[in-house]
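Given the sequences, and given the hints that come with them, work out the whole structure.
Residue numbers (the working numbering), protein chains in the order written: chain V, 4 to 369; chain Z, 1379 to 1789.
Rather than coming from a laboratory, the hints here were simulated on the basis of the structure.
Quick caveat: nothing in here was measured; it's all calculated off a predicted structure.
Since no wrong hints were added, every one of them can be taken at face value.
No farther apart than 30 Å at their CA atoms in a straight line, the calculated lysine-lysine pairs in the DSS-like style are these: (1) Lys22/V - Lys32/V; (2) Lys32/V - Lys1499/Z; (3) Lys1438/Z - Lys26/V; (4) Lys26/V - Lys1759/Z; (5) Lys1438/Z - Lys39/V; (6) Lys1499/Z - Lys22/V; (7) Lys214/V - Lys1438/Z; (8) Lys320/V - Lys1499/Z; (9) Lys328/V - Lys22/V; (10) Lys133/V - Lys5/V; (11) Lys26/V - Lys1527/Z; (12) Lys1416/Z - Lys214/V; (13) Lys289/V - Lys1438/Z; (14) Lys1759/Z - Lys32/V; (15) Lys1525/Z - Lys1759/Z; (16) Lys289/V - Lys347/V; (17) Lys1499/Z - Lys26/V; (18) Lys1438/Z - Lys202/V; (19) Lys1416/Z - Lys202/V; (20) Lys22/V - Lys1759/Z; (21) Lys32/V - Lys1527/Z; (22) Lys202/V - Lys1711/Z; (23) Lys201/V - Lys1711/Z; (24) Lys39/V - Lys1499/Z; (25) Lys289/V - Lys1499/Z; (26) Lys201/V - Lys1438/Z.
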Amino acid sequence: MKLEQSQYQALAADLDAVKQGVKNQIGAKDASYIRKVLFWQRISEISGRILLVLGFITPWLWAVGVLLLALAKILDNMEIGHNVLHGQYDWMNDPVLHSQRYEWDIACDAKSWQRTHNYEHHTYTNIIGKDRDFGYGLLRLSNDFRWRIRNLWQTVTYVVLSTLFQWGISYHELAGQRVFFGRKNKQRHTQISDAQLKKAFFSKGARQLFKDYLFFPLISGPMFIWVFTGNLLANLIRNLWTSTVIFCGHFTEDAQTFSQAECENESQGQWYYRQMLGSSNFTGSKAMHILTGHLSCQIEHHLFPDIPARHYPAIGKRVQKIAEKYAIPYNSGSFASQYWTVLKRIVKYSFPIKTPSNFELSQKSQ
Amino acid sequence: MLYDLLVFSVFTVCLFRCTSVRSNCDAGYIKFMLFFKKSFWRTLYRAFCNMLGNQPSLGKYLEPILQTLYGSYHSELFRGNVVALNNVTCDMLTITLNVPRNWGGFEAGQHVMLTHMLDGKYVSRPFSISSSEFLWSSQRQIQISCKVKSNGELTSSLNSLNAGETLFLSAAQGQFVLPKRSADVILLCAGSGITPMRAYLQSLADLSQHAQLPFPNVTLLYRYRGAEHAAFLTEFRDLQETHNSFRLIESDSLQSQKLSTQLTEIGINHNDYYVCGPLQFMQSVITSLKSQGIAAAQIHQEHFGPSLIHQFADSTLTNDTDPAAYFQAGFYKAGRQHEVAASANASLLDSALQGGVEPTFGCRMGVCFQCVCNKLSGQVKDLRTGELSGLGQEQIQLCVSAPVSDVTFEY
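Structure follows, in structure tokens:
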């Protein structure tokens, strides 16, 4: 199911028109929107940290504090950090919201993340062997990967990865496997040396650990253990939420993968086409969109990663029409149904049976 | 970071030991020590704030809250409240601003970065301060005069400002500082280059009026295109009448007054020359002064202002169709500069890599935002849309930008 060369060109023209239309609208409204989100992030972080200490009055205050701190971390990582680091707000010329300067409340160093996620993952989305984000080197999610014994318990691996997601991301984005255990290759040309990568990994990680598990518990004195646990829980909630959202973006049952050969000398239209097939959306309320950093509109995000995310739901309707026009599958559904297919996919590929995907089945029936 | 802290603490302990041993050391050494301690605490504070809120200062962390509560707030810039707007010529606007005391003052000739929030975006341009130092010290006000261009991103919006609105200011900056009082100088300016000269002359006039100091020997050559474009002309004529030692040479380019003959009229002497104006004017004045045997050390010049860069860009824009057009691209990193010849048809990233500069980059297609650099001057074109950038300082992506004038970057 490939398009004609002329169709790719038309697709690129249609999507470029959508992009230009939105770009012309970007302005004061986007600025005040992101400042509002920043405002609520700051308010919930400060009040959350205070309420954790006030837990001695009643544990309920502590519980609210945990939720508020988790909310602050989710807002910081998803709607603010992720989108700012994509350069969506660079046009504002505001150092607080600039992709080159932003640092977020997560163990992963922002620069390392930008290098791997923005470049590798967004340029080579779902190309096996190029996009290391596909399965994170831990999970077998398609027949392109050889089955190994460890895939038998990959459902457990997935749960563990989810609970420790911020550390998984931090390790993954620095290409930890290569940097720590890989063979030294003197020919490899890298802009950032392994030593610099390691330093970024350890200093950012240490900073996060120091803040959440030493500094804040210590200054709250007798409430040490309460604050310590509160921070742990807030981090856990954030980890589970972000990992769930991200898995729904690329690992749903119908999200497709590509081979390296297919993608050589791609045109802009082919690139758009691949982004649409490799991503999946889920529907939800406005609050849901904000909490996911608008990654609920993963397809739109992958088509236009540098457009302020609050436009994605509106763009989505136009993108869906374009998808219909070219008969490109538009992968969307409710949050629960999409997540269910993710779980199915993880379980399905943990067994060494070459099960054809839905997409391959539909290919055969045609 | 923990490691850094450890190193720092060991380092300071060593230094305190050193001071106790060498108790009677010279003043320079003590100064160095004080500086070190201050910078040490600053580094510590930054590390602390980064640890707490991932922002370099508490002010930056709280900025979103303060902005929501108090409207315009900026943790790094100063707030200037607009007091009045005056049209001094048909295309020049003088803005009078109330500036907070902690802004720190200026010396005549210096400029500020003026920042205005336009449609959610901070736009910054440098402007010379055009008012007397006395206005600042007595009333905490400064004036800024700027040429309004209908296509200028910032200046076109200034016309619609209202009294009471807020602009943001940097501290006063620049090496183009006019001499202290008694020195005799020659000022040569054209167009909006008059603004720093006016600040100087006003300061001198105020000094002679309020402090009864004698007005030094000052000659001002003011070149303009038609009297209706000449700002502050009546002011200078009045000044000439009250002070014998001030000499005004008017040079109207429309009345075929030759600049070169007027320059020789001033005569050669050992005074200092201060030159400010559009590029062409600066070039012809400086070559003519040099040909008269005036040493380069005697000539001081100010290179800034949108008018300067704009003219430059205009002249090159017409060459845009020329496929062989090359521009100079300067890349600065930690004070070191690399000059690269950049083709008008290739991305600046490619030109930089060919020229041996290695900025950070990733996708080469404008997606990953790793190659974003701070453009210091010049204009670039977006290769995807053909859209032209602004002329001042701003962030651009190297991989999708081609130069349309000479450009400089910090990377």
